[in-house]
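Chain order of the listed sequences is A and B. First residue of the first sequence: 0, per numbering that gives the first Met the number 0; consecutive thereafter. First residue of the second sequence: 0, per numbering that gives the first Met the number 0; consecutive thereafter.
Bear in mind the hints are in silico, worked out from the structure with no lab data behind them. Fair warning: there could be bad hints in the mix.
No distinction is drawn between identical chains; accordingly, a pair holds when it is met within one copy or between any pair of copies.
[To be verified] Once the Cα atoms are required to be at most 27 Å apart in a straight line, the calculated DSSO-like pairs of lysine-lysine come out as:
(1) K177 / K137
(2) K61 / K117
(3) K137 / K28
Protein chains: 2
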Amino acid sequence: MESVICTVDVVLLTLREGNLYVALLLRDKAPFQGAWALPGGYVHVEADEDAEQAAGRVLEEKAGIVSPYLEQLATFSGRARDPRGWSVSISYYALVPSAVIERVERSDLRLVAVDQLKNLPFDHLNIVRAALERVRSKSSYSSLPVYLCSEQFTLPQLQTVYEAILKEPINKVSFRRKMEELGILEPVLGAVETGKANRPAQYYRLKAQYRHTLSQTGRGLNPGS
Amino acid sequence: MESVICTVDVVLLTLREGNLYVALLLRDKAPFQGAWALPGGYVHVEADEDAEQAAGRVLEEKAGIVSPYLEQLATFSGRARDPRGWSVSISYYALVPSAVIERVERSDLRLVAVDQLKNLPFDHLNIVRAALERVRSKSSYSSLPVYLCSEQFTLPQLQTVYEAILKEPINKVSFRRKMEELGILEPVLGAVETGKANRPAQYYRLKAQYRHTLSQTGRGLNPGS
Chain A
0 MESVICTVDV VLLTLREGNL YVALLLRDKA PFQGAWALPG GYVHVEADED
50 AEQAAGRVLE EKAGIVSPYL EQLATFSGRA RDPRGWSVSI SYYALVPSAV
100 IERVERSDLR LVAVDQLKNL PFDHLNIVRA ALERVRSKSS YSSLPVYLCS
150 EQFTLPQLQT VYEAILKEPI NKVSFRRKME ELGILEPVLG AVETGKANRP
200 AQYYRLKAQY RHTLSQTGRG LNPGS
Chain B
0 MESVICTVDV VLLTLREGNL YVALLLRDKA PFQGAWALPG GYVHVEADED
50 AEQAAGRVLE EKAGIVSPYL EQLATFSGRA RDPRGWSVSI SYYALVPSAV
100 IERVERSDLR LVAVDQLKNL PFDHLNIVRA ALERVRSKSS YSSLPVYLCS
150 EQFTLPQLQT VYEAILKEPI NKVSFRRKME ELGILEPVLG AVETGKANRP
200 AQYYRLKAQY RHTLSQTGRG LNPGS
C-alpha cells in the first residue's frame, strides 16, 4: 500500500492593536522554499507519542515558541494539497499573548494580520480560515480569548479582546456576568490600574487550575445594546 | 522515515426508542479479529481523493451503508492506539434514521446502545465518547438532530429527538421558536398526523437545500420550565 505523508501544522494566533495576527515561518526547503507558511512538519514516529506532541515539538524546534495551549483544529487531507503526494495535515491552533511571539527574535518568523493574508502554500489559507471560524464561534461562550491576554489584565481590557475577536461591541453588564459564570478569573491582590482619569480598575488573572484548559458557559454573550 | 498507518473510522449514530445507538461491525481480520468495532479502514491513496471520501467508501464497502452526512469529528493518533504501529485515525460521525441501518441485513453489523458499550478495540470507545460529546453540544443550537428523523416528522416528534439527545426536557414554545429561527423546515402539504386524540399535527421535512448541510442558530435551546 502506498504510504501517506503525515504532517502537523500549527495556527498560532495573537492580538495586536485589536487585530488578530497569525505567525508564519519562512520555508527553507522545497516544496515552496522561500514562501511564508504555517509552522509545520512531519510526524516523527520515534520521537512523538502522538500528533499533539508532534505539533508542540515542531512549534518549538522551528519557531522557538512553547505554547501553553494547543487544541486540535481539524485534519486536512488528500491527493491535491501537497505536491509530494497524498498527505494528511493534522492541524492545531493556539492563542498566545503577542509578547510570546515578539520576544522570539528571528528573521524567518513574522506576524501577519489575518485579514491581510493572500497566498499561502499548500492549503494553509484554508487552515487559517478554519482556525478563525473556530476561535470566533468558541469565543462567545468560553474562556478562549483569555489566552490572548498577558498574565494580568483588567476587565475592560479583557472585554476589548473579546470584542476584537467577535468583531462586535459587547454589553458591559452581560460581559461581567458571563465572566462571573465562567468562574475562571481571580483578582490579583493589591494590583489596580492607575494613572487613568477613571476609577482605578482591578487586575485579574486566570485561576491556576484554568491556565491550561478551556472553560465554557452554556450560552453565548449578548451583543451590546 | 518510518511511515504512519493512516486510517479512517466512522461513528454512525441512530436513535431507537429514545436512546442513541452506534453501529458496530464484526472484525474479520487481525488485529482484534472477532471483536465488534467501528467501521473503519485504511486510506487508499489510489482510490480516495481525501479522508472524507475514504470514510464514505469504507462505510459503503464494509457496512453497506451510504450516509447523506459525514462530519469530521477529530483525529486520534499515536504510538499506542494500534498494535501494528504508529497510527492515525481520521474519525467521522454521522446521524442517520434507524431505518437506514436496519434495512441492511447482515449478521456482522449490529446496533449497540451507547450507554451499554464496554470494551471496544483500539481507542474506539474514546472515539464514540468524543462523537457523543460533539453531538450533544451541537444539538442545542443546530439542525443536527433532524438527521436522526425519517423524511417526514411532526414537531412533537422532532422535539422528542432533541430531548433524547440532550437528555433533558425542552420548553415547547422555545423549541418552536428555535426551529422557526433555523428556517430549515417546510410543512409537507396535505400531510397531517391522524388517529390521535389531540389536534392533528402537521408533518414537516427538511427544505431541499438543507438536506446535506448543518444549520446553526446563535444560541442554544432553553431547558423546559
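- Any of the earlier hints contradicted here, and which numbers? Failing hint: just 3.
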